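Given the coordinates of chain V, work out where chain W should sit on it, guided by the hints.
Residue-level listing of the chains:
Protein chains: 2
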Amino acid sequence: MRRDVSEFAKKLDIGKLSGLLDIPEHRITGALKRKTVQYVWGKKELFRFDKPVSSIEGGTSVFTKPFDIVRGFPKISRTLMLNPALQKHFSSCRKVAVEEKMNGYNVRVALIGDALVALTRGGFICPYTTEKAIDLVGLDFFKDHPELVLCGEMVGPDSPYVPKTFYDIESLDFFVFDIREKITGKPMPVMKRRALMEEYGIPSVRFFGEFEIGEAHNEISQIIRELGGSMHEGVVIKDPQMILPPVKYTSSQSNCADLRYAFEFYNDFGRDFFFGRVCREAFQSVEWGEDEESLKKRCRQLGENLLLPMIKTIKKKKDGERIAENVQIRVKSLDTVKEFEEYLKLVGVDAVFEAPEKIGNEYLVRIRKIHQSTNDRTEAILGGQLWS
Amino acid sequence: MRRDVSEFAKKLDIGKLSGLLDIPEHRITGALKRKTVQYVWGKKELFRFDKPVSSIEGGTSVFTKPFDIVRGFPKISRTLMLNPALQKHFSSCRKVAVEEKMNGYNVRVALIGDALVALTRGGFICPYTTEKAIDLVGLDFFKDHPELVLCGEMVGPDSPYVPKTFYDIESLDFFVFDIREKITGKPMPVMKRRALMEEYGIPSVRFFGEFEIGEAHNEISQIIRELGGSMHEGVVIKDPQMILPPVKYTSSQSNCADLRYAFEFYNDFGRDFFFGRVCREAFQSVEWGEDEESLKKRCRQLGENLLLPMIKTIKKKKDGERIAENVQIRVKSLDTVKEFEEYLKLVGVDAVFEAPEKIGNEYLVRIRKIHQSTNDRTEAILGGQLWS
Numbered sequence: 001m002r003r004d005v006s007e008f009a010k011k012l013d014i015g016k017l018s019g020l021l022d023i024p025e026h027r028i029t030g031a032l033k034r035k036t037v038q039y040v041w042g043k044k045e046l047f048r049f050d051k052p053v054s055s056i057e058g059g060t061s062v063f064t065k066p067f068d069i070v071r072g073f074p075k076i077s078r079t080l081m082l083n084p085a086l087q088k089h090f091s092s093c094r095k096v097a098v099e100e101k102m103n104g105y106n107v108r109v110a111l112i113g114d115a116l117v118a119l120t121r122g123g124f125i126c127p128y129t130t131e132k133a134i135d136l137v138g139l140d141f142f143k144d145h146p147e148l149v150l151c152g153e154m155v156g157p158d159s160p161y162v163p164k165t166f167y168d169i170e171s172l173d174f175f176v177f178d179i180r181e182k183i184t185g186k187p188m189p190v191m192k193r194r195a196l197m198e199e200y201g202i203p204s205v206r207f208f209g210e211f212e213i214g215e216a217h218n219e220i221s222q223i224i225r226e227l228g229g230s231m232h233e234g235v236v237i238k239d240p241q242m243i244l245p246p247v248k249y250t251s252s253q254s255n256c257a258d259l260r261y262a263f264e265f266y267n268d269f270g271r272d273f274f275f276g277r278v279c280r281e282a283f284q285s286v287e288w289g290e291d292e293e294s295l296k297k298r299c300r301q302l303g304e305n306l307l308l309p310m311i312k313t314i315k316k317k318k319d320g321e322r323i324a325e326n327v328q329i330r331v332k333s334l335d336t337v338k339e340f341e342e343y344l345k346l347v348g349v350d351a352v353f354e355a356p357e358k359i360g361n362e363y364l365v366r367i368r369k370i371h372q373s374t375n376d377r378t379e380a381i382l383g384g385q386l387w388s
Numbered sequence: 001m002r003r004d005v006s007e008f009a010k011k012l013d014i015g016k017l018s019g020l021l022d023i024p025e026h027r028i029t030g031a032l033k034r035k036t037v038q039y040v041w042g043k044k045e046l047f048r049f050d051k052p053v054s055s056i057e058g059g060t061s062v063f064t065k066p067f068d069i070v071r072g073f074p075k076i077s078r079t080l081m082l083n084p085a086l087q088k089h090f091s092s093c094r095k096v097a098v099e100e101k102m103n104g105y106n107v108r109v110a111l112i113g114d115a116l117v118a119l120t121r122g123g124f125i126c127p128y129t130t131e132k133a134i135d136l137v138g139l140d141f142f143k144d145h146p147e148l149v150l151c152g153e154m155v156g157p158d159s160p161y162v163p164k165t166f167y168d169i170e171s172l173d174f175f176v177f178d179i180r181e182k183i184t185g186k187p188m189p190v191m192k193r194r195a196l197m198e199e200y201g202i203p204s205v206r207f208f209g210e211f212e213i214g215e216a217h218n219e220i221s222q223i224i225r226e227l228g229g230s231m232h233e234g235v236v237i238k239d240p241q242m243i244l245p246p247v248k249y250t251s252s253q254s255n256c257a258d259l260r261y262a263f264e265f266y267n268d269f270g271r272d273f274f275f276g277r278v279c280r281e282a283f284q285s286v287e288w289g290e291d292e293e294s295l296k297k298r299c300r301q302l303g304e305n306l307l308l309p310m311i312k313t314i315k316k317k318k319d320g321e322r323i324a325e326n327v328q329i330r331v332k333s334l335d336t337v338k339e340f341e342e343y344l345k346l347v348g349v350d351a352v353f354e355a356p357e358k359i360g361n362e363y364l365v366r367i368r369k370i371h372q373s374t375n376d377r378t379e380a381i382l383g384g385q386l387w388s
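Line by line, the protein sequences are chains V and W. Mapping of the first sequence onto our numbering: position 332 corresponds to residue 332, and the numbering continues sequentially without gaps. Mapping of the second sequence onto our numbering: position 211 corresponds to residue 211, and the numbering continues sequentially without gaps.
I should point out that these hints are in silico values taken from the structure, not numbers from a laboratory. This structure is a prediction, so every number in the text was calculated from the model and none was measured. Some clues are possibly wrong.
Said to hold, decoys possible - Taking lysine-lysine pairs in the DSSO-like style, the calculated list, with each CA pair at most 30 Å apart, reads:
hint	chain 1	residue 1	chain 2	residue 2
1	V	K95	W	K318
2	W	K318	V	K297
3	W	K248	V	K312
4	W	K315	V	K296
5	W	K318	V	K75
6	W	K316	V	K88
7	V	K248	W	K312
8	V	K182	V	K35
9	W	K88	V	K317
10	W	K248	V	K315
11	V	K296	W	K316
12	W	K297	V	K315
13	W	K315	V	K88
14	V	K318	V	K164
15	W	K75	W	K16
16	W	K182	W	K35
17	W	K88	V	K318
18	V	K316	W	K88
19	V	K296	W	K296
20	V	K317	W	K318
Claimed, not checked - Using C-beta positions, here's what the derived DEER-type ranges look like:
hint	chain 1	residue 1	chain 2	residue 2	range
21	V	R368	W	A351	47 to 55 Å
22	W	F273	V	R34	27 to 35 Å
23	V	D350	W	V349	56 to 64 Å
24	W	E292	V	E357	34 to 42 Å
Every residue gets a Cβ at the ideal spot worked out from N, C-alpha and C, and that includes glycine.
With the rest of the complex left out, here is chain V:
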């Protein structure tokens, strides 16, 4: 779907883009040539930044009709040692604001022309998420604030990316954690943002409070243990004014759940994924000064979350099953199903869609995402293929 540069580059007003983003034109033409900035075909065509270009985040989307820009969502750094990170990064603010980091997928909702679009982290328009955003967010906020973008987490069982059932959400809900200016990416202070969302009846992620720097460590450790106990992911720690960049910190349980998921499809995930998570466990154990019993439990859980899912996958393959991940979407319009199927092809996901099932005024569609690399690798090893 991504075609020749020369064919599409002329759709992009490079001069205007260069001026608005304050990067030289030749950086943009260079990025187009290297396909760092890619044309994406669709009902609403756009150019997306596959990686950062100068100071502009990867995931930035540039629309052509009408011309508009939605800046990519910046990567949030993680701390492995809570206390020293608080002292080091937030020493210039008196307090930090702590909000929940939910386990769903990151979405930016913006008004482009007269239509809402929901952008994925990578800067693609997801047609399914867009249908959901139209329902969940609506136009009211954007009529008053067309220059803003709502950044939030899409969470719930009807998520084709990160389906989670423990949040007590029926289908899919949207929780805002950031409001930014579309073109500059400038964020709004935490409490102002939360008040604004309340005004429009749009849910925000859970707020745990503002804590003095000196006390934040104990408070957050306690929050993390409680969140972990109910399988929730963790927190994002923020400068209340949103001048300093935020920092994330997560629970061991969420970490292990990620590993469990990734090792079921072990050959489809990056190896760094695994390594970073083992490191998080070790540093958290040291910071918490764990006794032998807790440490033993942590080791056991780590080992089980690595091996058991992988063993399950190998056994499935041995029994002739295809390694796939079952997800589902719930839509009002069957057109959305078709568009979503095309979208998954566009982003390279191999998926089998089952026939829609009418439930109330909606359709439930079960989808099997095929993890081909894990299928191939497991089958080969079971057949006696050697490991390099």
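Okay, now just chain W, sitting in the frame of chain V:
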């Protein structure tokens, strides 16, 4: 120590090398330019193949005075599923020969001119190993067979690379597992090689027997469990004629010991190192049809071998210690110490040598190998640095 190509390339008789290795001259000059073939300065200068060039293995060493070649030791593939691998790879031989894979370091000993050299896997001359080889192997064999190279494992507590104490070896011993032609790399059949070594009084690695293909799986599984029980590494399964390439298979205990070691110096090891070892555990568990109890134990051990060494390292650093690995060498000549110190610098190992300690007619030298990347990373995270 590796200087400009043009300065050194003239030391190499490229035409002769091209003829003997049967690769075009331009491949060699190209490799010299890209530093895939590198000049190595030393008492005995050589050129080493840093990576494979055409069909020539990485680790191949080419000497200039006198001109000679020692082919690199070929990589041995590993099976994660024993039975299917036996069927798939050795179906054309009636039997397989099984020898122990010892846990030391791979060395090729050859006669170049009138002197023995001991080459590391990478194709460098290790001065320490060379001193040891002169003692352990001697010249008798090479006087009769100057065209052959002895490939074996250097094993024992006085190993600066892989010190192991469980083999009941006093200092360092050499066990032959392959005899090859220096220039062609052609291997000798297993029993012929073992008989030849016996003749010269040079030890070979342990031989478990020759097994019919149909029975080999049970026999080898049993051997692996026993070897694992005493912390030994595993086996190499060979075509007795050495026509088909051999295959290695290792115990879970050795796998876990590797992880324990690597996670103590977690940031100095490749991430693939971890991933491959987790995969081995999962496939072995499936092939052995483990019950819940054995599986639980395997998970616990995996988790402990990942987390405990890393936690130990973090705590050490927290207490202000430097993360280092203690090894030792035992030499007859203090010149060898000096040469070995220079050699470690050449290959980029950061090491602190303590004063030699006279023991009998030898010197024991304790060496602290500094794992700088793990030191830096751990210190930074403890100081609040964020994880990307």
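Against the structure, the hints:
1. Distance check on the hinted pair: K95/V and K318/W sit about 27 Å apart at the alpha-carbon level, within 30 Å; holds.
2. This hinted pair checks out: K318/W and K297/V have alpha carbons roughly 23 Å apart, not beyond 30 Å.
3. Only pairs whose Cα atoms come within 30 Å are accepted, and K248/W paired with K312/V is accepted, the gap being roughly 25 Å.
4. With a CA separation close to 17 Å, the supplied pair K315/W and K296/V stays within the 30 Å bound.
5. A distance of roughly 29 Å separates the Cα atoms of K318/W and K75/V; the hinted pair therefore holds under the 30 Å criterion.
6. Of the pairs offered as hints, the one joining K316/W and K88/V holds, with about 22 Å between alpha carbons and a cut-off of 30 Å not exceeded.
7. Between K248/V and K312/W the alpha-carbon distance is near 25 Å, which keeps this suggested pair within the 30 Å criterion.
8. As the CA atoms of K182/V and K35/V are separated by approximately 23 Å, the hinted pair is consistent with the 30 Å bound.
9. Restraint check: the Cα-Cα separation between K88/W and K317/V comes to about 19 Å, which is no more than 30 Å; the hinted pair holds.
10. Distance restraint check for K248/W and K315/V: the Cα-Cα separation of roughly 23 Å lies within the 30 Å cut-off, and the hinted pair is therefore satisfied.
11. Our distance criterion of 30 Å between C-alpha atoms is met by K296/V and K316/W, whose separation comes to about 20 Å.
12. Simply put, K297/W and K315/V have alpha-carbon atoms about 19 Å apart, close enough for the 30 Å limit, and the pair holds.
13. Pair hint K315/W plus K88/V holds up; C-alpha atoms about 20 Å apart against a cutoff of 30 Å.
14. For a cut-off of 30 Å, the pair hint linking K318/V to K164/V stands: about 28 Å separates their Cα positions.
15. With a C-alpha separation of about 26 Å, the suggested pairing of K75/W with K16/W holds against the 30 Å cut-off.
16. At most 30 Å may separate the alpha-carbon atoms for a hinted pair to count; K182/W and K35/W meet this at roughly 23 Å.
17. At roughly 17 Å between alpha-carbon atoms, K88/W and K318/V fall within 30 Å of each other, so this suggested pair holds.
18. Proximity of K316/V to K88/W is assessed by CA-CA distance (about 22 Å); at most 30 Å being required, the pair is judged to hold.
19. Among the hinted pairs, K296/V with K296/W is consistent with the structure: their alpha-carbon atoms are about 13 Å apart, no more than 30 Å.
20. Distance check on the hinted pair: K317/V and K318/W sit about 45 Å apart at the alpha-carbon level, beyond 30 Å; violated.
21. Distance hint for R368/V and A351/W: a CB-CB separation of about 54 Å, consistent with the stated range 47 to 55 Å.
22. The hinted range of 27 to 35 Å is satisfied by F273/W and R34/V, whose Cβ atoms lie roughly 32 Å apart.
23. Our hint of 56 to 64 Å for D350/V and V349/W is violated, since their Cβ atoms are close to 45 Å apart.
24. In this structure the supplied range 34 to 42 Å holds for E292/W paired with E357/V, their Cβ-Cβ distance being about 37 Å.
Figure legend: structure checked against the earlier numbered hints; hints not met, in rising order: 20, 23.
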